[in-house]
Structure formats: structure tokens, C-alpha cells
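K.L.:
One letter stands for each residue in the lines below.
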Amino acid sequence: MKRYALYVTGKKGIFDPAGKTAQNALDNLGYEGIEELKIGKYIQLTVDDTVTVERVTEMCEKLLANPIIEDFRIEEVG
Amino acid sequence: MRFGVVVFPGSNCEQDVMHALCFLGYDAGYVWHQDTDLAGYDALVLPGGFSYGDYLRCGAVARFSPVMNEVIRYADSGRPVIGICNGFQILTEAHLLPGALLRNAGLKFICEKLPLRVEQSVCKWVDRAPGTVVELPINHNEGNFICDGETLKRIEDKGQIVLRYCEQDGLRRADGSAPNGAFDDIAGICNEAGNVFGLMPHPERVVDGISGDTDGVAFFQAIVAYALSVRAA
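Going down the list, the sequences are from chains A and B. For reference, each letter of the first sequence is one residue, going 1 to 78 in our numbering. For reference, each letter of the second sequence is one residue, going 1 to 233 in our numbering.
You can take every hint at face value.
Listed next, with one range per pair, are the computed distances between beta-carbon atoms:
# : chain 1 : residue 1 : chain 2 : residue 2 : range
1 : B       : 127       : A       : 49        : 57 to 65 angstroms
2 : B       : 150       : A       : 24        : 25 to 33 angstroms
3 : A       : 63        : B       : 120       : 32 to 40 angstroms
4 : B       : 37        : A       : 73        : 37 to 45 angstroms
5 : A       : 24        : B       : 176       : 17 to 25 angstroms
6 : A       : 5         : B       : 210       : 50 to 58 angstroms
Quick caveat, the hints were computed from the structure, so don't treat them as lab data. Please read all numbers here as calculations on a predicted model, not as lab measurements. All C-beta atoms, glycine included, are put in the ideal place defined by N, C-alpha and C.
Chain A with its partners taken away, still in its complex shape (with noise of 0.2 angstroms):
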């Protein structure tokens, strides 16, 4: 069994207004020195050993990311 954590991002340029709104709460909070703030997703998948991260990738091409829109990043945490 192996489990992969995977990130699906705004790509950069793309408006993210649910991070834009956090990110003004925590101006509004007083904290300083925020830069920028994206909110995404975080996929955790669950496959047996036969699954590559190859077939991941596709995964994510096809269904997981909308790559017009997103970026995604794999990583296999065991």
C-alpha cells in the first residue's frame, strides 16, 4: 500500500478569491509581512503498490487538476 498527498494550486496569474479574502482577514488581524495567501486543495490518495506515480500524474491531467486553471504537485508521504 502507498499513499500520495497531492496539491492542486491556482496557477499563477489566476484570481484565487477565497485566498484574497483570508489574506485580508489576517491584514485586518494586525499581522504583518504577508506576501501572498492561495487556498487549494489537498488530495490524499490511497493505492496498492502496482499504482506508479506515472499513473498518478495521468490522474491528476485528467480528472483531479484542471490544468487551464490549476497546478498540481505529488508526493508520496509512504
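Once you have looked at the hints, place chain B on chain A.
P.N.:
Relative to the frame of chain A, chain B by itself:
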């Protein structure tokens, strides 16, 4: 003239569409998302709603419903397909239309009637003169259309921008007239051939006059001659 109204789990505007089509005197039937036979339908409507609970991204899961392979084949053969609201989102996820729909810029679900300008386009679902202002209701949380600059130029050059949010006089504000933040005020686009049309507003809700307007009628009537000519060919 027989319309097919494609129903996914979580669609919720299919009855509005059916009511509008029947009101206009057309024959129509529901197509379940697991059906794969589209024979007998002259045009397809992908209605609004929250297909598959809008999980993952709006339209992302519906796009892989069994019926969608057939919808893509149907569209590729030049037959008419319209996606309204969630249906529009499904068509972009299926790459039948360019771009994507993000969460509304103001983070609010927006439900109101708005003026929209008909643009000069190749869209076969619209026969109103460019510059005409129509009033249609919008009702969505993810209607913030986005595409890259290159795509915008391409769809503009090829006449694929069909409807833009505007002011009552048909002009667009310098800071944008789209209440949802849509790029270049885009509310509806079509594919290069003009047979596939996606829009965030709901024309089916302003057909029978009960809500005070009938600007939605033109969209469903406009497609009939084309649909029948494709069937005859």
C-alpha cells in the same frame, strides 16, 4: 424538432428547460447521464444545477459520465448542443468549449436579472442582431469565466464570444460590467463551428412570460432551422 435534456445526478434545472421547450411547442425528452443513445434528438441541452454535488470542480465529474462521450461525438458531428450554467461548466471541462469558470470574484452567489449584449458571433443558437441587449437571469456561484490572453484573442477573432455582461444601454463599464468578475465581461461563448454554446445566464427561465420577460425564447427558436438542416444532411 426534438430536444434532449441531459440529466446528471444533481442537475436541478432540467424541469425548467423541459417546461420552456414544451411551452414553445417542441418535443423533448430527458437523457439520463448513463444513457449512451442520442439517436432521435435534434439538439441537446445540458441544464443547470450542481451535477455530482459540484465536487472537485463544477462539471469535472459529470464530464466523465457515460453520456458525455456521446455528447462529444454528437457535438463533433456539428449537431447543436447548449450548456446552461452548470451545463456550461461541464462543456468547458469536456474541452468542447475553451476556458474555465472560477468562483465569483466577490465570493457571493449571485441571483439577479441582468442586461447582456449580443456580440457578433458564429453561434448558431443566436439570431439577434449584434449589439442587441437582452435581459436574462443569472443564478450561480462559479461564473467567473477565465482563459489566457492568447485564447481570448483567438475566440474573439473567430467570433466565439456570444454574450457579454453590459449596462442597460449596452455599453460596458471600464472596470468591468460582469458581476462575477468574468474575464472581458464574457457571459457566453461558442465553439469554432458555432454549434456548441455555453452560457451562465438562464434563457429557459424567461420563456413563458411568467417572470416578466421573454428574452430567452430567441435562443431556443434560433437553433431549430439549423438543427433540422443538420438532420436532413
